[in-house]
Each structure stands twice: as C-alpha cells, then as structure tokens.
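So the protein lines, in turn, are chains A and B. Those letters in the first sequence? Residues 1 to 81, per the numbering used here, in order. Those letters in the second sequence? Residues 82 to 206, per the numbering used here, in order.
If you are wondering where the hints come from, they were derived from the structure by calculation, not from laboratory data. Computed from a prediction, not measured in an experiment: that's the story for all the values here. Among the hints, erroneous ones may be present.
Straight line, CA to CA, 30 Å or less: simulated DSS-like cross-link-like pairs of lysine-lysine [said to hold, decoys possible]: (1) B:Lys103 - B:Lys90; (2) B:Lys158 - B:Lys90; (3) B:Lys158 - B:Lys88; (4) B:Lys158 - B:Lys103; (5) A:Lys75 - B:Lys90; (6) A:Lys75 - B:Lys103; (7) A:Lys75 - B:Lys158; (8) B:Lys88 - B:Lys103.
Which stretches of chain A does chain B cover? Using the computed rule of at least three CB atoms under 8 Å from a CB of chain B, they are [what the hints assert, rightly or not]: (9) 15-29; (10) 65-72.
Going by beta-carbon spacing under 7 Å, a handful of chain B positions derived as facing chain A [to be verified]: (11) Gly159; (12) Gly163; (13) Asp166; (14) Ile167.
Positions of the beta carbon are idealized from the N, C-alpha and C atoms, including for glycine.
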Amino acid sequence: MAAVVADRIETLLRSAFPDAGELRVEDRTGGGDHFQVTVASPRFDGLSLLDQHRLVNEALAEPLRDGTIHELRIKTRGTAT
Amino acid sequence: MSELQDKIKDVIENEPVALFMKGTPQFVMCGNSDRALRALREAGAPVTAVDILPDPAIRAELSELSGWPTIPQVFVKGELVGGADITEELGESGELAAMLEERLGADYRDGAEEHVVDVLSGARA
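Between the sequences and the hints, there should be enough to build the whole structure, so can you do that?
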C-alpha cells in the first residue's frame with residue numbers, strides 16, 4: 001500500500017517535471033502517508049523557493065487534497081549553476 | 082467573505098509575523114509546525130501563532146486565502162513566506178533574518194514577544 005502511494009507521487013511528479021535531473025520520493029515513516037520529495041529541475045531556475053514549492057504542491061494537489069499525503073516535505077533546486 | 086476568513090485575513094495583514102500551526106507555541110502538535118516555530122524563534126521573530134486545530138474550517142479558509150495547501154504557513158508583513166521546509170531553509174541560510182530586518186526594521190528583535198490569536202473568538206494572548 002505504502003509503495004503504491006509513493007509510486008503515484010512519483011508518477012505525478014514525473015509528469016509535472018519531465019526534465020527533472022533528480023527526482024526522489026521517500027516514505028519517511030513506512031506508513032505511506034509521510035513523504036519527503038526531492039526534485040531538481042530546470043523549471044525551478046530563477047524561481048523563488050516559494051514558487052518552486054508551489055509547483056510541487058500543484059503537481060501533488062490531488063493526493064494533498066484527498067488526504068492521501070498526510071505530511072509532505074519538499075526539497076527543490078534548479079539546475080543552473 | 083466569511084467572518085472567519087475576515088479574522089484570518091486580519092491576522093495575516095496586521096501581525097508582523099503570523100504562524101498558522103497545529104497546536105500552540107506552548108504545546109506544539111506537529112513536527113512541521115515545530116520546525117517552522119524553531120526557525121522563527123532562532124531568527125528572533127515576534128511570532129503571532131494561530132492554532133488551526135480547533136475547527137477544520139480555519140485550515141480550509143486559510144488555504145483558500147493563501148493558495149497554500151499544507152500547515153504550517155508563515156507570513157511576514159502580510160506576505161506568505163512558505164511552509165516548514167522553506168522557513169527552515171531560509172533560516173539556515175540567514176535569509177529569514179535578512180527578510181525580517183528588511184520588512185520589520187533592523188530592531189525587530191527588540192522586545193519580540195510571542196502571541197497567540199484565537200481566530201474563532203478573536204481573543205489575543
């Protein structure tokens with residue numbers, strides 16, 4: 001069950017950030033509702049941290065709204081050096 | 082706009098630093114709310130906290146206003162800073178203190194007190 005949710009999150013993030021260099025979904029507690037996601041994408045270049053996190057929240061709007069994700073930690077970065 | 086939404090808006094717009102959290106600074110009910118509170122305290126911010134747990138409507142109305150889906154939410158001078166991850170990251174990099182100084186003035190740490198506002202009754206402690 002937990003792995004199913006992680007897969008769903010990863011699928012949603014992959015479709016929102018097809019060019020992500022790094023994309024990781026970790027189930028922090030093994031319970032399938034506390035997640036840490038890490039995304040590195042050129043889409044974040046030049047955006048504030050707030051706007052970067054907004055894009056991730058938007059990609060995961062459905063599981064956030066329906067309560068599938070109880071807690072979400074986000075780590076984002078652009079690809080510009 | 083509902084009366085509750087008015088009260089939430091009032092806190093966001095009129096408190097220098099507003100933290101919408103699960104629990105209160107004295108009795109934090111969630112790890113992420115705790116992370117945001119710690120980052121704000123470390124930066125010396127004058128935190129005004131609102132507990133969203135007493136009524137699910139608080140969270141619903143807040144997210145409608147801010148467009149941010151999760152709790153906690155931190156606002157400085159009426160502007161959304163972000164949730165726990167952003168507040169923590171900005172705290173670690175020193176950007177949080179710089180932002181507080183820029184928006185609240187260089188002496189923002191002086192006499193910084195913590196307050197709690199009950200948006201259901203309007204009481205402020």
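*How about B:Ile167: closest beta carbon in chain A under 7 Å, or not?*
Holds. Min distance 5 Å.
*Are B:Lys158 and B:Lys90 close enough, with their CA atoms no more than 30 Å apart?*
With Cα atoms ~12 Å apart, B:Lys158 and B:Lys90 stay inside 30 Å; holds.
_Check the hint pairing A:Lys75 with B:Lys90 against an upper bound of 30 Å on the C-alpha distance._
Roughly 28 Å separates the two Cα atoms, so the pair holds.
*Below or equal to 30 Å on CA atoms is what counts here, so check A:Lys75 against B:Lys103.*
22 Å, holds
*With a cut-off of 30 Å on the C-alpha distance, tell me whether B:Lys103 and B:Lys90 pass.*
18 Å, holds
_Satisfaction of hint between B:Lys88 and B:Lys158, Cα-Cα up to 30 Å_ = Holds. B:Lys158 to B:Lys88 sits at ~16 Å (cutoff 30 Å).
*Hold the hint about B:Gly159 up to the distance rule: shortest CB distance to chain A must be less than 7 Å.*
With a minimum Cβ separation of about 14 Å from chain A (threshold 7 Å), the hint on B:Gly159 is violated.
*Under the criterion that the straight-line Cα-Cα distance not exceed 30 Å, is the pair A:Lys75, B:Lys158 satisfied?*
Judged against 30 Å, a Cα distance of about 25 Å means the pair holds.
_Within 8 Å of chain B (C-beta), three or more residues of the stretch 65-72 of chain A_ = holds (count 3)
_Check the hint pairing B:Lys158 with B:Lys103 against an upper bound of 30 Å on the C-alpha distance._
With Cα atoms ~21 Å apart, B:Lys158 and B:Lys103 stay inside 30 Å; holds.
_For the restraint on B:Asp166, tell me whether the closest CB of chain A is nearer than 7 Å._
5 Å, holds
_So is the stretch 15-29 of chain A in contact with chain B by the C-beta rule, three or more residues under 8 Å, or is the coverage claim wrong?_
violated (count 0)
Of the numbered hints stated above, those contradicted by the structure are hints 9 and 11, listed in ascending order.
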